[in-house]
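Protein chains: 4
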Amino acid sequence: MIRVAVVGAGLVASHYAAGLQRLKRAEIEPYGVPLAKFKVIKDYVEEEVVSAYDVDANKVGKPLSEVVKRQLEGVVPVPPDVPDFEVREGVLASSGAGLDKMFPVRGRDQKLPLKEAVEEIAKEFKSDNVNVVLNLISTEPAEPFGDEGKLAKALERGEVSAGQAYAFAAYLAAKDSGKPVAFINLIPTPLANDPAFVKLYEDANSLVLGDDGATGATPLTADLLEHLAERNRKVRYIVQFNIGGNTDFLALTIPERNLMKEKTKSSVVEDILGYDAPHYIKPTGYVEAIGDRKFVAMDIEWITFNGLVDELIVNMRINDSPALAGLAVDLVRLAAALLEKGVKGTFYDVNAFFMKNPGPKEARNKARIKAYYDMISALRELGVIVE
Amino acid sequence: MIRVAVVGAGLVASHYAAGLQRLKRAEIEPYGVPLAKFKVIKDYVEEEVVSAYDVDANKVGKPLSEVVKRQLEGVVPVPPDVPDFEVREGVLASSGAGLDKMFPVRGRDQKLPLKEAVEEIAKEFKSDNVNVVLNLISTEPAEPFGDEGKLAKALERGEVSAGQAYAFAAYLAAKDSGKPVAFINLIPTPLANDPAFVKLYEDANSLVLGDDGATGATPLTADLLEHLAERNRKVRYIVQFNIGGNTDFLALTIPERNLMKEKTKSSVVEDILGYDAPHYIKPTGYVEAIGDRKFVAMDIEWITFNGLVDELIVNMRINDSPALAGLAVDLVRLAAALLEKGVKGTFYDVNAFFMKNPGPKEARNKARIKAYYDMISALRELGVIVE
Amino acid sequence: MIRVAVVGAGLVASHYAAGLQRLKRAEIEPYGVPLAKFKVIKDYVEEEVVSAYDVDANKVGKPLSEVVKRQLEGVVPVPPDVPDFEVREGVLASSGAGLDKMFPVRGRDQKLPLKEAVEEIAKEFKSDNVNVVLNLISTEPAEPFGDEGKLAKALERGEVSAGQAYAFAAYLAAKDSGKPVAFINLIPTPLANDPAFVKLYEDANSLVLGDDGATGATPLTADLLEHLAERNRKVRYIVQFNIGGNTDFLALTIPERNLMKEKTKSSVVEDILGYDAPHYIKPTGYVEAIGDRKFVAMDIEWITFNGLVDELIVNMRINDSPALAGLAVDLVRLAAALLEKGVKGTFYDVNAFFMKNPGPKEARNKARIKAYYDMISALRELGVIVE
Amino acid sequence: MIRVAVVGAGLVASHYAAGLQRLKRAEIEPYGVPLAKFKVIKDYVEEEVVSAYDVDANKVGKPLSEVVKRQLEGVVPVPPDVPDFEVREGVLASSGAGLDKMFPVRGRDQKLPLKEAVEEIAKEFKSDNVNVVLNLISTEPAEPFGDEGKLAKALERGEVSAGQAYAFAAYLAAKDSGKPVAFINLIPTPLANDPAFVKLYEDANSLVLGDDGATGATPLTADLLEHLAERNRKVRYIVQFNIGGNTDFLALTIPERNLMKEKTKSSVVEDILGYDAPHYIKPTGYVEAIGDRKFVAMDIEWITFNGLVDELIVNMRINDSPALAGLAVDLVRLAAALLEKGVKGTFYDVNAFFMKNPGPKEARNKARIKAYYDMISALRELGVIVE
Ligand SMILES: NC(=O)c1ccc[n+]([C@@H]2O[C@H](COP(=O)([O-])OP(=O)(O)OC[C@H]3O[C@@H](n4cnc5c(N)ncnc54)[C@H](O)[C@@H]3O)[C@@H](O)[C@H]2O)c1
Ligand SMILES: NC(=O)c1ccc[n+]([C@@H]2O[C@H](COP(=O)([O-])OP(=O)(O)OC[C@H]3O[C@@H](n4cnc5c(N)ncnc54)[C@H](O)[C@@H]3O)[C@@H](O)[C@H]2O)c1
Ligand SMILES: NC(=O)c1ccc[n+]([C@@H]2O[C@H](COP(=O)([O-])OP(=O)(O)OC[C@H]3O[C@@H](n4cnc5c(N)ncnc54)[C@H](O)[C@@H]3O)[C@@H](O)[C@H]2O)c1
Ligand SMILES: NC(=O)c1ccc[n+]([C@@H]2O[C@H](COP(=O)([O-])OP(=O)(O)OC[C@H]3O[C@@H](n4cnc5c(N)ncnc54)[C@H](O)[C@@H]3O)[C@@H](O)[C@H]2O)c1
Ligand SMILES: [Mg+2]
Ligand SMILES: [Mg+2]
Ligand SMILES: [Mg+2]
Ligand SMILES: [Mg+2]
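Chains as they are written, first to last, in the UniProt record's numbering: chain F, 1 to 387; chain X, 1 to 387; chain Z, 1 to 387; chain V, 1 to 387.
Watch out, some of these pointers could steer you wrong.
Copies of the same chain look alike in the list, so a pair counts if it works inside one copy or between any two.
To be verified - 27 Å max Cα-Cα, derived DSSO-like pairs, lysine-lysine: (1) Lys234 x Lys24; (2) Lys234 x Lys42; (3) Lys39 x Lys366; (4) Lys69 x Lys234.
Calculated from the structure, these hints are not laboratory results.
Pulled out of the complex, with its shape left as it was, chain F reads as follows (with noise of 0.2 Å):
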């Protein structure tokens, strides 16, 4: 069994968590979990999650199957076997500004100093033999480190996120208890991509993935550039239109929430053209009728042969939730084999494929096709896929 604690008890943990049991119980295909048709040495119906955080006061306390089911409710029937252990209390931590505009707040950092609260969600962890943390909460205003020294004295002010007040707890259970633990964060905080939390985490023989999810338009985007770019054309320039009407979205109206997804949007292109072709990559809206199948529209105009122009345009409607649950679900089996495995510190060959801005610090986007083939024999290699 893989134990699994969820921080941010949204949509998109909600989709895992009622997609997990429906996989199990054979109502659904395992569409959208990539490696569903490699034999991994960790099987997904092993996954069981054990825990969930959230600091949305009408989800602090409630079953988790009940939380799951208000969510969606009208969107996919529920089983029954979803857990109804009650959701924790989680941390605001410094990057709780605003979202009391979106739902009534409350942490454990309202009464305890954050540090403490850290120390005591480190607790339960180990207590509750949390093998895999998957970071889910609302995209968060954040900076890197850079080392473990001034992390650590960010924590005691009281200053580091909600995401790296998790992550922090995470590895001082692993730390504390002798028994690795991996954090996989799917949000844009840059943890793999902080040297100094890719450092504790080897320090602890365990392992950071990240960071930001890889869904949507993003990653296709990148092999569209790809496309262009082995065939030498010259990108005039590159736009790109998101919108929804998730809570997601809703936080993204935020500016400061919103500037760190068009990060981790946009490195996309220099990184796989070569050059920084003219671009608009954003998360453009709100707009709660669309609910959680969001609108994308993106237009490319390239220079081809003879200096003639051509042009794409992309539109699509795509689940935004379900996407990137259905990573949620290889990304854990695959973090608790390379832990058996020996791996530690961050895992480039994953990040790359399943992470928009994929950590190590250094490490840069491929074309996901490229990412992909890589991933596979770096894999196997290590005996994780096997066969």
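Got chain F; can you put chains X, Z and V with the ligands on it based on the hints?
Showing chains X, Z and V with the ligands alone in chain F's frame:
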């Protein structure tokens, strides 16, 4: 110098001839020439068009420069140094039917038996010291022969297509002179996919590359499908419409010619996905006012995680002929380089990237992005790409 | 009560029958029923389906409710009170050819001369007290007769299409009973555009409305073209692709049936622009997995001020059959109201809004938005719309 | 002759000035000039640009012909007879803020009190015998005054926007000379929607038309929404993105300016549908490489009959400035003709077709196709359109 015979003095040939001169004059950047950023042992400035063949009575006997100017008027500037030798009369063979609805036709085989006409052309290739033949004639109905005996007999009876006739002439020239020739087949006629031709070329230390140049929507579809397959998304269906206003689209309104394209275009679906997703992929129509900048519309639906359905719509405006001409620039020098390195028969690693239906027969399509990296490695290993 | 006979128990008929009951039960809002917000002297709750005809052996003899349920399964909930009388056997007439590739066919005219079969159906219309016949059979090849003599003779010889046969039966019923009948022709067969039928209906104080219900891309195209025409933009070309997965699209893969649609769809271009802009407009293909939610792609280029070129691309996903069923809800009550007001022959003001090829013959398409306001005025003047 | 003063010598003004000369020379057809096919009592060949005003230090003092050539270089040929008088210095008024990030600014009100600068310009309009003023300055933040007293006081204090200042100058010129002047306000500043200005113009037997020229996506949206409303389809949401690379889009990256556009663009939704469907409609971004041919993406979902959901996606590439210039060609002659017919204040029937936010204040948007026919009738009745 690489001496090139162009068969079919149409729009692609015109962009090739004019673009090549513009490249030599540094009037344009080598955009659309895939390997321009690599150091290949043959440079494209070494390419030189030394003869051209056609069966359009309005082109035969006219200076190539004039034919090119007429076709590129108002599209791109045509430099003064496009060669002005006269376009020679080609052969109609068994595939002339229907062409006369588009233009007045004439071919040597109206006066001579086809076999003699082919031998005549072989002599011309020989005396012109042709290194590479570019096949750019109108799409034609044609079936593979499978073995050389059948091909020889069919030629006796005059029952080969024009593309097959030219490929045979090039083989004869090589055989006879002892100097290898490369035949680059950019149209759907199965040549690199016909064991008969591959065998003949091998015997003559020569090379046939093909079939059907991969430009526009087909290679993009390959990469999009690969993108979906790698995430284990289940494709519900794929629809692809193509409409244009050049004479190639006009020719494709003739049902048997259309079928040839549908085959090479559709093969991609099962080759990449591993299952035959419902699809509609073919050149759909002709509207003259669209000109050479074709319109493509694509719709793909797939099942994502948790059983939900996503949708991707692609619209493109693509300059059809320059795209293929840009590939031709690279293919000519690659073919010359491969001959120099002693490669013969056909060469899958190049076909897989450059062709819609890559030969040899047993070979399948793969995602273009993967094909690209595999090709680069293969070419480095052979010493064709250096640095 | 308005007593309705439905001819063709397919998808549109099913949405009509089920949707009508859902409207009566107030389970749905009258969205897609154009005049729902006006007070019309006949309410749609007065409509009642009293008989249905088909030639699909899998439908004939089955309760209508069962036939409806089978076709709407998984699409919309079917209320329990859809009538469960048995679907009657219709006639194949001269237009049955090709249908047997889609389903096993049977028709009264396989045993009886067509004329007698038609008279039999006329008797049924009469004894059922049918007020309105809705023609919803598969698209069929058919030519107008022009005068009643020719029509009468063709009927003798069995050389009329099925649509024409039903329209004649309805006329006979009216003539015979002295009670007016309205025939609403929602398929391309020229009936309201055939002076022969208009004359007959006039003689019987009856009404034929048609031809070919205007749903989906065609009326939108009309409005888009009008939009351009009003700004004096010069349309360079217009391309419109339609692909679907319902049996209507399947039937349209039969070339003669496709041609019928192409005609009614293309007429809009010259009618609205005043010149015949180059165009490609037709149902393009069939892919079953698309189902009833068809995919439409459109590309229009025009010349704007100062000689520059603009472009508009439209992509749609449209539930094909409900769109027509919603129009039928209004047309039935309008037809009943018009009969009450003594209108006979055909009625252009209603046709111009609701039909792709509005009768009578001399009449032309106009922008739908204009047709709408003209229709509202005309209906107010007649006292059909009150308040 | 109709003597025109152009305020704002930007891209639209350049297309107007150059296009007008090309029309006079019959180098282009009057495409994009809506009423070109009607006989209007004033012909556009009578229009003549007699002065121009700007605040860009790179334009002020330069010959208009030079300013036009610089802006249209590589876009359209500029005829030799564009007037070469010098562009005059305008006023910055309260709306200059932020412009200096785009270009070096200068205005008479940097040296003079605003009121005196306005009087100076009024004198120039008068001595130049200006009949029509075209307001084409950068979008600016501005609020309506409501009554003339407030406006007069604000002017004393220098607290009016530049658009309001020019409109006041034109009024003064008319008042003073006794000769009516028309002010055509093609930007969002509420002038025809401000009772204060309408009253002043009425007093001076003059005419203010506005506000904000209706080109591109907004009038198309109006017609699309009307199309849906007429079928009683319930709009679930509408999303519209606009991105361009001209200085107008650059100016709209300044939030207060953007808000002005968002208002005029969004007003269309409730005006036409009768309810405020959820929407996101605004200029979204600036990417210089896109140039003046902006990219628009739109997504609309609605509920059709039987509760099902349809979707429409629109993508456009529109030459932004020529579109407005083509309208200006008509508006100038219509304004002159209306003055001749004694119309004063403002004129809704023309505004409703040509403007995004048609004045007067109480008036609302209507479908453009309807507005078109209503306008034609009104103009015929007044004798402005003859035949
Ligand atoms: N395809 C995708 O949906 C996708 C892709 C990449 C990344 N992401 C990221 O995944 C995250 C989750 O997305 P979602 O759609 O589930 O969003 P969501 O808004 O539905 O869920 C976020 C949850 O996190 C909770 N939360 C916020 N701050 C918290 C804190 N300090 N501690 C604990 N809980 C906290 C919120 O209350 C909410 O329940 C977002 O950051 C999003 O940017 C999503
Ligand atoms: N992007 C592309 O344009 C593209 C991509 C893949 C393949 N192709 C193929 O390349 C070929 C050329 O395309 P094009 O756009 O130049 O078409 P084109 O119609 O402009 O040119 C074809 C030329 O071949 C000539 N021709 C026809 N039959 C001949 C014969 N028997 N002998 C000699 N000449 C003959 C015609 O007269 C014409 O001049 C077509 O078969 C097309 O399908 C094109
Ligand atoms: N939006 C739309 O769906 C739309 C718009 C305009 C016109 N139409 C027309 O409406 C008609 C019905 O569309 P549909 O989607 O319901 O198609 P469908 O194929 O589902 O139904 C047609 C039915 O007619 C029956 N039929 C065929 N020939 C018959 C005959 N001779 N007598 C009696 N029944 C016969 C078939 O068996 C079938 O049950 C088609 O002709 C279509 O072109 C549809
Ligand atoms: N389709 C369209 O292009 C369109 C449609 C509707 C409205 N508009 C409006 O028309 C206006 C002009 O558009 P454009 O594309 O020509 O923009 P532009 O940026 O090219 O030109 C604006 C010009 O106004 C000048 N200007 C700014 N403030 C001024 C002032 N106080 N006095 C005098 N000149 C001043 C600028 O220097 C510039 O030369 C904009 O407000 C735009 O929003 C344009
Ligand atoms: Mg990195
Ligand atoms: Mg092959
Ligand atoms: Mg007609
Ligand atoms: Mg108003």
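Checking each numbered hint in turn, tell me which of them this model violates, lowest number first.
none
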